[in-house]
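Peer 1: Take these sequences, add in the hints, and give me the full structure.
Which chain is which? The protein sequence lines are A and B, in order.
Under our numbering, the first residue of the first sequence is numbered 439, with each subsequent residue one higher.
Under our numbering, the first residue of the second sequence is numbered 608, with each subsequent residue one higher.
Since the hints were derived computationally from the structure, they do not count as laboratory data.
Facing chain B, from chain A, some residues (calculated, C-beta under 7 angstroms): (1) Q504; (2) A578; (3) R579; (4) N580; (5) V667; (6) G675; (7) Y679; (8) K682; (9) V685; (10) K690.
From a predicted model like this one, the values you see are computed outputs, not experimental measurements.
The beta carbon of each residue, even a glycine, is placed where N, CA and C say it ideally should be.
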Amino acid sequence: MRLLKAFALSAALFASAPALAAGGAPPPPNANFSFNSLFGTIDRASAQRGFQVYKEVCSACHAMRQLSYRNLMDLGLTEAQVREIAATFTVTDGPNDEGQMFERPGRVPDRFRRPFPNEQAARSANNGAYPPDLSVMTKARNDGANYLHALLTGYADPPAGMTMMDGMNYNRWFPGFQIAMPNVLNEDQIEYADGTKATVDQMARDVTTFLAWAAEPEMETRRAMGVKVLIFLTILGGLTYAVKRKVWADVKH
Amino acid sequence: MGMGLHDSQVSNPVLRWIDQRLPVITMIQKEYGVFPTPRNFNYFWNFGALAMINLMIMIATGIFLAMNYTPHTAYAFDSVERIMRDVHFGWLIRYVHMNGASMFFVVVYVHIWRGLYYGSYKAPRELLWMLGVVIFLLMMATAFMGYVLPWGQMSFWGATVITNLFSAIPVVGPTIVTYLWGGFSVDNPTLNRFFSLHYLLPFVIVGVVFLHVAALHITGSNNPLGIEPKGPQDTLPFHPYYTIKDSVGIVVYLAVFAALVFFAPNYLGHADNYIPANPLVTPAHIVPEWYFLPFYAILRAVPDKLGGVVLMGGAIIVLFFLPWLDTSKVRSMRFRPITRIIFLLWTVNFFVLTWVGGKPAEQPYVLISQICTMFYFVYFLVVLPMMGRFEVVMKLPESISRAVLGAKASLGGGPIPGTAAAKPMEKA
Chain A
439 MRLLKAFALS
449 AALFASAPAL
459 AAGGAPPPPN
469 ANFSFNSLFG
479 TIDRASAQRG
489 FQVYKEVCSA
499 CHAMRQLSYR
509 NLMDLGLTEA
519 QVREIAATFT
529 VTDGPNDEGQ
539 MFERPGRVPD
549 RFRRPFPNEQ
559 AARSANNGAY
569 PPDLSVMTKA
579 RNDGANYLHA
589 LLTGYADPPA
599 GMTMMDGMNY
609 NRWFPGFQIA
619 MPNVLNEDQI
629 EYADGTKATV
639 DQMARDVTTF
649 LAWAAEPEME
659 TRRAMGVKVL
669 IFLTILGGLT
679 YAVKRKVWAD
689 VKH
Chain B
608 MGMGLHDSQV
618 SNPVLRWIDQ
628 RLPVITMIQK
638 EYGVFPTPRN
648 FNYFWNFGAL
658 AMINLMIMIA
668 TGIFLAMNYT
678 PHTAYAFDSV
688 ERIMRDVHFG
698 WLIRYVHMNG
708 ASMFFVVVYV
718 HIWRGLYYGS
728 YKAPRELLWM
738 LGVVIFLLMM
748 ATAFMGYVLP
758 WGQMSFWGAT
768 VITNLFSAIP
778 VVGPTIVTYL
788 WGGFSVDNPT
798 LNRFFSLHYL
808 LPFVIVGVVF
818 LHVAALHITG
828 SNNPLGIEPK
838 GPQDTLPFHP
848 YYTIKDSVGI
858 VVYLAVFAAL
868 VFFAPNYLGH
878 ADNYIPANPL
888 VTPAHIVPEW
898 YFLPFYAILR
908 AVPDKLGGVV
918 LMGGAIIVLF
928 FLPWLDTSKV
938 RSMRFRPITR
948 IIFLLWTVNF
958 FVLTWVGGKP
968 AEQPYVLISQ
978 ICTMFYFVYF
988 LVVLPMMGRF
998 EVVMKLPESI
1008 SRAVLGAKAS
1018 LGGGPIPGTA
1028 AAKPMEKA
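Peer 2: Written out as structure tokens, the structure reads:
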């Protein structure tokens, strides 16, 4: 009983935590991502399609500086495929022996190429707005994956009577409802290699899956290890408790 | 005893040679082997050992994190991501360290609560209690500075808000803030000194923990009845009885810890801290980590900055005076029917403070935090001093063994209640 009381106390402490998660925007609807459940995994096919969406659409403005092309092998691509992908980008390297910077095709260990050399260049090309780095985006927003999916599918005409600021776009899920990023996903704008139909929802779903993997590449390993650790601790706990009972058997307390 | 040599009982000749010159084995045997411990501990008495384990986990993981972390504003955030992505098991080490801070506060809050409920702070354990409050203060400073290190948005703005509090101190306040920052705003020098202190303070904590445990072994432990053991029939040797009972608690604790680390590692954190620090963009809500929320609520309960800082500091300083504020001779709340109810309400009040601390500073939250702050202090400054005088307490049992075994068993003649104490593990 007393043990239960102690648990109740710590449980209550944990329960008080979500109070901090309050934000300014409406909570996004649940998009039922496979990885959002306790033991869920990343849908590899979807994440690979999501990379295609990132490469062909998002990467025009958004960097992912924490990722390297080699990381794509975790998504199930072969080294040859990754080498091919990396080679399609031109990266600046150097200085060489003459002290000059030079350009060369991307290699597997290179970081994802950044669309702009610095924040100023990014802002100047985007009407003053700075497209954020997407490396850990699903962790950097409350309920990140659902939020991103909602945001990407949430563009609409502003409600009657709402005045939009210059160059801003209406989005149902963005805090304040005015977002600098325009709607970039349109039906069939991408030709998926696996023949999946590129609806707006499908593309939003795929790129969110890709970003969720990018933010937490350890997620599947972590959960698998967690199951083993908890099974181990359950058995150890049972054994320890049995020993405790035996030690205390002849002591009234 | 030979000239200057310790009279060692250890049979192994090598260990005996050491023990004669440096009696650590005798000491461990005395303090953790046969150490007479009240026989009636409940599981709340696990939390001291749990805090010790937690401290060791934090230091161990912290050392490995420091090997891979870069304390520079331009690299800190990225170096944490390198730990998460490229260091072998870096994600595990970092998530254990990150959630370990939360676990540490859970464990220590329960440990403090147990002390409050069972009157462990009363004579002769005043200094033991006060050393505990010092540890708590050091933990708060360490946790705060650790949270700054990843250099995310909440790191930066939390550091800005909290360090600015010192500017409320008259005359020297602004100077103190400049020294904390190492300049005129939270910047690279701030990050550097916080990293240095974040590495240093845990070892200071280890030192104070040592004193805390040393003081404990002078007075002996309190127990749920709050009466002192009167003889061997009231105690059990620490080993094996409490080593095994603590082990049960440790496994349960590790399971909760593991569930957090492996399945909800970011649940207790803020999404904003995965956005790199930006001095030009203020987050919508600057909220400290959950374990600071009760004190944050007290800080914000007062419209005046200095008043808020004084109250927040006072909320912890008052604990130092607790042994003298509580005038009752009875330790355990089990025998204090009225104070017990008020203390349980105080506990609820503490949870309400935690909750309201995470809410924006607007009505009705401000009013709630004001009422709760009032109750927090009234309990210590009015209820406890008065109750000692007026409360009719229940009759204390004659002894621990009598309460545990019943009147018959502890009367002379029957089987000697102390047998268990005299008989350690040989049957197993």
